[in-house]
Structures are given as structure tokens and as C-alpha cells.
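Going by this note's numbering, the sequence shown opens with residue 3, and the numbers climb by one from there.
Rather than coming from a laboratory, the hints here were simulated on the basis of the structure. Check the hints yourself; a few may be wrong.
As the list claims (entries may be wrong) - Keeping only pairs whose Cα atoms sit at most 30 Å apart, straight-line, the calculated DSS-like set for lysine-lysine is:
#1 K18 with K37
#2 K155 with K9
#3 K100 with K131
#4 K100 with K18
#5 K100 with K121
#6 K120 with K131
#7 K79 with K120
#8 K121 with K79
#9 K155 with K100
#10 K89 with K9
#11 K131 with K169
#12 K155 with K120
#13 K155 with K79
#14 K18 with K89
#15 K37 with K169
#16 K9 with K100
#17 K79 with K9
#18 K12 with K79
#19 K23 with K12
#20 K71 with K121
#21 K121 with K37
#22 K89 with K79
#23 K12 with K71
#24 K131 with K37
#25 K12 with K37
#26 K89 with K155
#27 K120 with K100
#28 K71 with K37
#29 K169 with K79
#30 K23 with K100
#31 K89 with K23
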Amino acid sequence: MSEIVLKAWKREPGTKGDLNKLRRESYVPGVYYSKGNEAISIYTVNTSLFPLVYTAETHVVILEIEGEKESQRCVIKDLQFDPVTEKIVHFDLLGLTKGEVVQISVPLVLTGQSIGVKKGGVVQQAVHKVDVECLPRHIPDHLEIDITDLDLKDSIHIKDLEFENMKFMQEDEVVVVSVILPRGSEEDEVEADEEGEEPAEPEVIGKGKEKEE
3 MSEIVLKAWK
13 REPGTKGDLN
23 KLRRESYVPG
33 VYYSKGNEAI
43 SIYTVNTSLF
53 PLVYTAETHV
63 VILEIEGEKE
73 SQRCVIKDLQ
83 FDPVTEKIVH
93 FDLLGLTKGE
103 VVQISVPLVL
113 TGQSIGVKKG
123 GVVQQAVHKV
133 DVECLPRHIP
143 DHLEIDITDL
153 DLKDSIHIKD
163 LEFENMKFMQ
173 EDEVVVVSVI
183 LPRGSEEDEV
193 EADEEGEEPA
203 EPEVIGKGKE
213 KEE
């Protein structure tokens, strides 16, 4: 797994005004925490987080805090974005401990060309990242899913994923990727008609006729 160095500075836990001042100066406040140790309030230059956030791979962060002799190996555990500007406004880093499992989100990458696509289908990827539990040494850059054998109307669920040394945290029945019929296709329209078709009323025998004596 690739590593990225992140330089940061310690800060005092401040008020909302203090945090907003940091953000206006192009910094992002954050917290580093690890098992058995007190959390450390930190901040970093906002652009320093871009290679960790806007990427299709998972990275181990080598955190270098100004004034600290030793760097810390960690992963991004949480990110907060401004709902309007979508800028990063806060981050949490979780320290890695050798021999102790960690929960982390890992990107999914699809490989191969589905046979269903060759028949006119469309690949629909519902899950782009999965939450896994594994040891630090087993954290992957990403997980590849081969969709070559995925036919029309076929799906791959969480329970179908098989990767060594990790446990998936989502429900087994969650659909990861499927091949669906394109909207507007004849077969799609037939299925839509069948799904929306109302059941026929039962025929009433003798309706409208007088009962015979």
C-alpha cells in the first residue's frame, strides 16, 4: 500500500470562531487519535489533504506533527465537508497499531468487459467503496472485481466478494454491481408493462342475464 506524508501542527481545542478563522486562512482543523492515547488536536494546509481525499486508492498517512520527534502511521477515519462549498472542513486520523485490526473504506475497481454489455446491457455500480476490517499490513490500495462473466440482469453482492485477510462490514445482500437493461429498450418496456399491468377482473358468468327458473 502506498504512503503519503502529511505535515501538521498542534492546536488548542478552540471555539467555532477559532476553527473558522483557521479555515479562512486555508487550513483544515483535525484530530489524531490512537488506542490508549489522548487525542491530539491538529491542523494542516487544506491542499495537503487533496491527494488523500480526491483519489481512487487508499493510502497510509505518515503524519509528521511539528515539534514531535516521531511520525505516526495512520489512516483517514472521517472527513467533513461544507454542504455549500464542498470544501473539507474537518478530518480525523486513526493511528495504526501493529497486530490490531482496523476498519477502513476501500475503493472498488471494476475490471473486464461484461458479457451482458456485449448484449446491450448497462453496468450499474451501486457501491464504489466498501468498509472492511483487516490488519494494517493487509490494507489494500483498492479491490478489483472482475465483471467479465456478468450477464444481463446478473448482480454481484457483498456476499459474493472473496478477498483474503479481510472481513466486509456491509450486509451480505447489498448489491455492488449489476448489468441492467438500458431504459427504453424493447425488453425493458415489456418488463415495465408487466410490472405495471393490473390483474384482470374475473369474468362473472351469467352477468346481465336473469336467473333461470
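(message) Hint check: K120 vs K100, CA-CA at most 30 Å. Holds or violated?
(response) violated, 46 Å
(request) Decide if the proposed pair is consistent with the structure: K23 and K100, CA atoms, cutoff 30 Å inclusive. (result) Violated. K23 to K100 sits at ~37 Å, over the 30 Å cutoff.
(message) Holds or violated: K121 and K37, Cα atoms, limit 30 Å.
(response) Violated - the C-alpha atoms of K37 and K121 are around 52 Å apart, more than 30 Å.
(request) Starting from K37, check that the Cα of K169 is at most 30 Å away, please. (result) The hint holds at about 21 Å.
(request) Measure nothing beyond the straight line between the CA atoms of K89 and K79; if it is 30 Å or shorter, mark the hint as holding. (result) holds, 17 Å
(message) Just to be careful, I want the Cα atoms of K89 and K23 compared with a cutoff of 30 Å; is the pair within it?
(response) holds, 15 Å
(request) Decide if the proposed pair is consistent with the structure: K71 and K121, CA atoms, cutoff 30 Å inclusive. (result) This hinted pair is violated, its Cα atoms lying about 60 Å apart.
(request) Would you check the hint for K12 and K79, treating anything up to 30 Å between C-alpha atoms as holding? (result) holds, 19 Å
(message) Check the hint pairing K100 with K121 against an upper bound of 30 Å on the C-alpha distance.
(response) Not satisfied, since the Cα-Cα distance of roughly 48 Å exceeds 30 Å.
(request) Mind checking the alpha carbons of K100 and K18 for me, to see if they're no more than 30 Å apart? (result) Violated, at roughly 35 Å.
(request) Take the C-alpha atoms of K23 and K12, compute the straight-line distance between them, and say whether it is at most 30 Å. (result) Distance ~15 Å between K23 and K12 Cα, so the pair holds.
(request) Measure nothing beyond the straight line between the CA atoms of K12 and K37; if it is 30 Å or shorter, mark the hint as holding. (result) Between K12 and K37 the Cα gap is close to 19 Å, so the pair holds against 30 Å.
Checked against the numbered hints above, the structure violates hints 2, 4, 5, 7, 8, 9, 13, 20, 21, 26, 27 and 30; every other hint is satisfied.
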